[in-house]
Amino acid sequence: MGDYGFRISKDEYDVKTCDDKNCVITSKYNTLKGTLTGSGSISNLASEGNTTITINHSLGYIPFVKGFLNPTNSVDFGNVYYQLPIWIDDLTDHLYSRIYATTTQVKIYVEQWNADNNTRNYNYKYFIFIDKGKL
Amino acid sequence: MGDYGAAVSQKGYDVKTCDDRFLVYSSVFQNLKIFSVQEVSTTIPASGANTITITHNLGYYAPFFVIYTGSSSVGRTNSYFFTDSFGYSLDYYGSNIRQYTDRLEIQVDDIFDDATTGATVYFTVYLFLDDFSVVSAKSINSGTTSGASSTDYGIRVSKGGYDVKTCTDEQCVFSSSFFNQIIHMKGTTTGDTITHSLGYVPNFYCFTRYTGASETFIYYENFPNATSTILDFTGMGSDYTKYYLIFKDKLN
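For the record, the sequence lines run as chains Y and A.
Numbering-wise, this note's numbering puts 37 at position 49 of the first sequence, and it's gapless, one number per residue.
If you want this note's numbering, it's the position in the second sequence, counting the first as 1, plus 215.
Treat the hints with care, as some may be off.
Said to hold, decoys possible - From chain A, some residues computed to sit far from chain Y (all C-beta separations above 12 Å):
| # | residue |
| --- | --- |
| 1 | Thr268 |
| 2 | Thr270 |
| 3 | Gly302 |
| 4 | Arg371 |
| 5 | Thr381 |
| 6 | Gly452 |
Stated by the list, open to error - In silico lysine to any residue, SDA-like type, Cα no more than 20 Å apart, as pairs:
| # | chain 1 | residue 1 | chain 2 | residue 2 |
| --- | --- | --- | --- | --- |
| 7 | Y | Lys120 | Y | Glu99 |
| 8 | Y | Lys95 | Y | Thr23 |
| 9 | A | Lys226 | A | Leu342 |
| 10 | A | Lys226 | Y | Trp75 |
| 11 | Y | Lys9 | A | Ser392 |
| 12 | Y | Lys95 | Y | Asn111 |
| 13 | Y | Lys(-2) | A | Ser351 |
| 14 | Y | Lys120 | A | Lys374 |
| 15 | A | Lys374 | Y | Ser15 |
| 16 | A | Lys374 | Y | Leu123 |
| 17 | Y | Lys95 | A | Lys226 |
| 18 | Y | Lys16 | A | Gly302 |
| 19 | Y | Lys9 | A | Gly375 |
| 20 | Y | Lys120 | A | Phe280 |
| 21 | Y | Lys120 | A | Phe279 |
| 22 | Y | Lys9 | A | Pro260 |
| 23 | Y | Lys120 | A | Ser251 |
| 24 | Y | Lys120 | A | Gln386 |
| 25 | A | Lys465 | A | Thr316 |
| 26 | Y | Lys16 | A | Thr381 |
| 27 | Y | Lys(-2) | A | Thr381 |
| 28 | Y | Lys9 | A | Thr403 |
| 29 | A | Lys226 | A | Gly402 |
| 30 | Y | Lys120 | A | Ser351 |
| 31 | Y | Lys9 | A | Ile445 |
| 32 | Y | Lys95 | Y | Tyr70 |
| 33 | Y | Lys95 | A | Thr316 |
| 34 | Y | Lys(-2) | A | Ser242 |
| 35 | Y | Lys9 | Y | Thr23 |
| 36 | Y | Lys95 | Y | Ser15 |
| 37 | Y | Lys(-2) | Y | Lys9 |
| 38 | Y | Lys95 | Y | Ser(-3) |
| 39 | Y | Lys120 | Y | Asn44 |
| 40 | Y | Lys16 | A | Ala221 |
Hints listed in this document are in silico derivations from the structure and should not be mistaken for laboratory results.
Glycine included, each C-beta is placed from N, C-alpha and C at the ideal position.
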């Protein structure tokens, strides 16, 4: 392989001599390339309930995926975003969620058990990359 | 610092005016650079644990992702981000992931996944070149509007050995057809929170290391979380060094 390509260094680093890790980007190393991102909500999930969000994709292989979950009205967890997977228990709320993928779909599974017997609401966010999750 | 450099926006966004999160790259911001990606495997032992070792010799702790892509027992239809097929974290029950400054180890116990002794289990491991030296928050346009346009142009750069004109998108180092993991901030802290100043909830990634230990951990009881102002590690305590990446991507 010939020595060609391009590199862009961070501020204050000499692009001709700096380490690769001090480059903003370089054609020597691949980057994760996102192809689809989206979000949605889950309303009134039963106190001892679960649900699976399904997102279709047409990549034809299993992609690299990431997901986040935002409990919006839990007693214990706050209105914040957690990166999946998550498996957290507190006095009232017990929450478990994960993200996985097939060659045609990405799925976010959410399961909960709440001591106060009330329903819960969630927002979710996912990122699907063109890069492969299964090589 | 003078106002110079280069930037490429995602297809459909005006590079001069779009929000930072719609850039494919900018010389102002860093991207995660993939050091290696590989499939590794081992078997579920009858007792104890089998360990997969990926030697990287980087000399520092680097970001990584591990995806369990199934086994000869449960099948390989589904791939799970950092969990087994039942949803147990790969760093919690039946398995452990530990990173050292020269290697990453995946330990598979006899109770991993469906606990079928002798089953071959497979993982995809992404390891990145970037370290956790501090990058402070920088923003050019951090608003929530896009400046989108419909013009279909852009650039693509292929991996070594692939023709940029004919290779698949997956064979590109980057392309303006796709969004990228642009880093807003990164670093380490023993504190409880990091203020990010983006004004929206950002994509993030982190792991931790008990101060003084040589290995890192991914998942723990007190999960980090993000709001529109902070990345929050409250509950983990100052005994742990937290390694974090905050990206430009918007979650909310």
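Cross-check of the supplied hints:
no.	hint	result
1	Thr268	18 Å, holds
2	Thr270	18 Å, holds
3	Gly302	5 Å, violated
4	Arg371	10 Å, violated
5	Thr381	16 Å, holds
6	Gly452	17 Å, holds
7	Lys120(Y) - Glu99(Y)	27 Å, violated
8	Lys95(Y) - Thr23(Y)	16 Å, holds
9	Lys226(A) - Leu342(A)	27 Å, violated
10	Lys226(A) - Trp75(Y)	37 Å, violated
11	Lys9(Y) - Ser392(A)	24 Å, violated
12	Lys95(Y) - Asn111(Y)	14 Å, holds
13	Lys(-2)(Y) - Ser351(A)	13 Å, holds
14	Lys120(Y) - Lys374(A)	15 Å, holds
15	Lys374(A) - Ser15(Y)	7 Å, holds
16	Lys374(A) - Leu123(Y)	16 Å, holds
17	Lys95(Y) - Lys226(A)	27 Å, violated
18	Lys16(Y) - Gly302(A)	35 Å, violated
19	Lys9(Y) - Gly375(A)	18 Å, holds
20	Lys120(Y) - Phe280(A)	12 Å, holds
21	Lys120(Y) - Phe279(A)	15 Å, holds
22	Lys9(Y) - Pro260(A)	38 Å, violated
23	Lys120(Y) - Ser251(A)	13 Å, holds
24	Lys120(Y) - Gln386(A)	11 Å, holds
25	Lys465(A) - Thr316(A)	31 Å, violated
26	Lys16(Y) - Thr381(A)	19 Å, holds
27	Lys(-2)(Y) - Thr381(A)	30 Å, violated
28	Lys9(Y) - Thr403(A)	17 Å, holds
29	Lys226(A) - Gly402(A)	30 Å, violated
30	Lys120(Y) - Ser351(A)	30 Å, violated
31	Lys9(Y) - Ile445(A)	26 Å, violated
32	Lys95(Y) - Tyr70(Y)	16 Å, holds
33	Lys95(Y) - Thr316(A)	33 Å, violated
34	Lys(-2)(Y) - Ser242(A)	7 Å, holds
35	Lys9(Y) - Thr23(Y)	25 Å, violated
36	Lys95(Y) - Ser15(Y)	32 Å, violated
37	Lys(-2)(Y) - Lys9(Y)	9 Å, holds
38	Lys95(Y) - Ser(-3)(Y)	38 Å, violated
39	Lys120(Y) - Asn44(Y)	16 Å, holds
40	Lys16(Y) - Ala221(A)	18 Å, holds
Checked against the numbered hints above, the structure violates hints 3, 4, 7, 9, 10, 11, 17, 18, 22, 25, 27, 29, 30, 31, 33, 35, 36 and 38; every other hint is satisfied.
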